[in-house]
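Novice: Spelled out, the chains give:
There are 2 protein chains.
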Amino acid sequence: MIYTSQSIEKVIELFSSLPSIGRKTAQRLTFHLLRQPNELVENFSKALIELKKNVKYCSVCYNYTENDPCDICSSHKRDKSILCVVEEPNDVVVIEKTHDFFGLYHVLHGIMNPLEGITQDDIRIKELINRLNGIEEVILALNPTVEGELTTHYIAKLLKALDIKVTRIASGVPMGSSLEFTDEATISRALESRIAV
Amino acid sequence: MIYTSQSIEKVIELFSSLPSIGRKTAQRLTFHLLRQPNELVENFSKALIELKKNVKYCSVCYNYTENDPCDICSSHKRDKSILCVVEEPNDVVVIEKTHDFFGLYHVLHGIMNPLEGITQDDIRIKELINRLNGIEEVILALNPTVEGELTTHYIAKLLKALDIKVTRIASGVPMGSSLEFTDEATISRALESRIAV
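Protein sequences, first through last, are from chains A and B. Take 1 as the starting number for the first sequence in the numbering used here and just add one per residue. Take 1001 as the starting number for the second sequence in the numbering used here and just add one per residue.
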């Protein structure tokens, strides 16, 4: 009889299922919410529903958006001749935070991983190839992991065959790490010193 | 234009408002939820509402519960002559996990803190005094902080005037720390070597 309520147990279990949240933190968060006004918890609950209801993929770049095409794809201020390819939507956030890139994005939603059976057909490479009209340069900004290197080389080969200039961000990002945990300055540097593949 | 969606921004903000969750973790959790099936996120949303709707205070011990009195207060297996007084509901969880205590609880919901203007009347001491019928021993299991010591001595004085045996858990719990972060073995030891005040 450790928890005296099924509802508490349930919320602790759900928090524990999130990445980087252990059982103890989950318990702390749950008891914290119990002490908050009803309104805050109702807001939280509603925000989760809205999140899944309102957020969809941009049909151009496949980033998360509420309007299709997304604000970046439809902005007049962005350079539509340059395309930055990333693995996941949060990589877009990381690059936007540098305020150093003004082109468009393309989100692959994954990375080629032969060991896990994820091939070029399982990520949005075909969609990338289909939107190259008017694009002068493609910057590959994938994580410098084994799988990222593999995917970078695969895409570079495809694009070069189509006579598109392909660059990749410099390895200012430490090898084996990921964009998500890199500071803005390092990512700015990596964008700046991108090299031809 | 760092986040391309208000709904994402909103959930990140709400996660950031929780204890021990920074902006970066909040962003990570939000993007994680976006990748989950609708059903899981709906469950999460519903669980938060149920949490606030179903969980109330036990009218006897003031622990969180869905049934009143709570499962501990109404259990036939618990020793109703011994009462363990704690600061917060999560302290009950910590003590239950030791499987070393079979009496009842009383949750004060706070601690006396003259600097912050929290007096004996702001926590559930009166309710403790009103439920001493049949109680042979009261164990004070408050955090060994300055405020915990103050409250321990205040309650001990009250109870001794009423001829109730009062004990406190031993300082196996490091001074200045809190029960929440103490391992079960240390708390077992502290319960076992409780001393008369």
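Be aware that a few hints might be false.
Unchecked claim - The following residues of chain B were derived to be distant from chain A, with all beta-carbon distances above 10 angstroms:
#: 1; residue: Gln1027
#: 2; residue: Arg1028
#: 3; residue: Ile1049
#: 4; residue: Lys1052
#: 5; residue: Gly1103
#: 6; residue: Thr1119
#: 7; residue: Glu1147
#: 8; residue: Lys1160
#: 9; residue: Gly1176
#: 10; residue: Glu1180
#: 11; residue: Ser1188
#: 12; residue: Val1197
Unchecked claim - Straight line, CA to CA, 25 angstroms or less: simulated DMTMM-like cross-link-like pairs of lysine to aspartate or glutamate:
#: 13; chain 1: B; residue 1: Lys1046; chain 2: A; residue 2: Glu9
#: 14; chain 1: A; residue 1: Lys24; chain 2: B; residue 2: Glu1137
#: 15; chain 1: B; residue 1: Lys1097; chain 2: A; residue 2: Glu13
#: 16; chain 1: B; residue 1: Lys1046; chain 2: B; residue 2: Glu1066
#: 17; chain 1: A; residue 1: Lys56; chain 2: A; residue 2: Glu66
#: 18; chain 1: B; residue 1: Lys1046; chain 2: B; residue 2: Asp1079
#: 19; chain 1: A; residue 1: Lys24; chain 2: B; residue 2: Glu1013
#: 20; chain 1: A; residue 1: Lys53; chain 2: B; residue 2: Glu1042
#: 21; chain 1: A; residue 1: Lys53; chain 2: B; residue 2: Glu1009
#: 22; chain 1: B; residue 1: Lys1010; chain 2: A; residue 2: Glu96
#: 23; chain 1: B; residue 1: Lys1010; chain 2: A; residue 2: Glu116
#: 24; chain 1: B; residue 1: Lys1160; chain 2: B; residue 2: Glu1147
These are calculated hints, taken from the structure and not from any lab test. For each residue, glycine too, the CB sits at the ideal point set by N, CA and C.
Novice: Taking the minimum C-beta separation from lysine 1052/B to chain A, is that value above 10 angstroms?
Specialist: 5 angstroms, violated
Novice: What's the verdict on lysine 1046/B and glutamate 9/A, does the C-alpha distance respect the 25 angstroms limit or exceed it?
Specialist: 13 angstroms, holds
Novice: With a cut-off of 25 angstroms on the C-alpha distance, tell me whether lysine 1046/B and aspartate 1079/B pass.
Specialist: 36 angstroms, violated
Novice: Could you grab the alpha-carbon distance between lysine 24/A and glutamate 1013/B and see if it respects the 25 angstroms cut-off?
Specialist: Holds - the C-alpha atoms of glutamate 1013/B and lysine 24/A are around 22 angstroms apart, at most 25 angstroms.
Novice: Lysine 1160/B clear of chain A by more than 10 angstroms, beta carbon to beta carbon?
Specialist: Per Cβ check, lysine 1160/B is outside 10 angstroms of chain A; nearest 30 angstroms; holds.
Novice: Hey, is glutamate 1180/B genuinely clear of chain A, shortest beta carbon separation above 10 angstroms?
Specialist: Given a closest Cβ separation of 7 angstroms, the condition is violated.
Novice: When you look at the beta carbon of glycine 1176/B, is every beta carbon of chain A farther off than 10 angstroms?
Specialist: 19 angstroms, holds
Novice: Given the hinted pair lysine 1046/B and glutamate 1066/B, is their Cα-Cα distance within 25 angstroms?
Specialist: 16 angstroms, holds
Novice: With the threshold set at 25 angstroms, check whether the alpha-carbon distance from lysine 1010/B to glutamate 116/A stays at or below it.
Specialist: 34 angstroms, violated
Novice: Taking C-beta pairs only, is glycine 1103/B more than 10 angstroms away from all of chain A?
Specialist: Correct as stated: the minimum Cβ-Cβ distance to chain A is 13 angstroms, above 10 angstroms.
Novice: Report holds if the minimum CB distance from threonine 1119/B to chain A is greater than 10 angstroms, and violated otherwise.
Specialist: Consistent with the label, threonine 1119/B stays out of reach of chain A, its closest Cβ about 20 angstroms off (over 10 angstroms).
Novice: Take a quick look at whether lysine 1160/B and glutamate 1147/B sit within 25 angstroms of each other, Cα to Cα.
Specialist: 20 angstroms, holds
Going down the numbered hints, you'll see the structure goes against 1, 2, 3, 4, 10, 14, 18 and 23, while the others check out.
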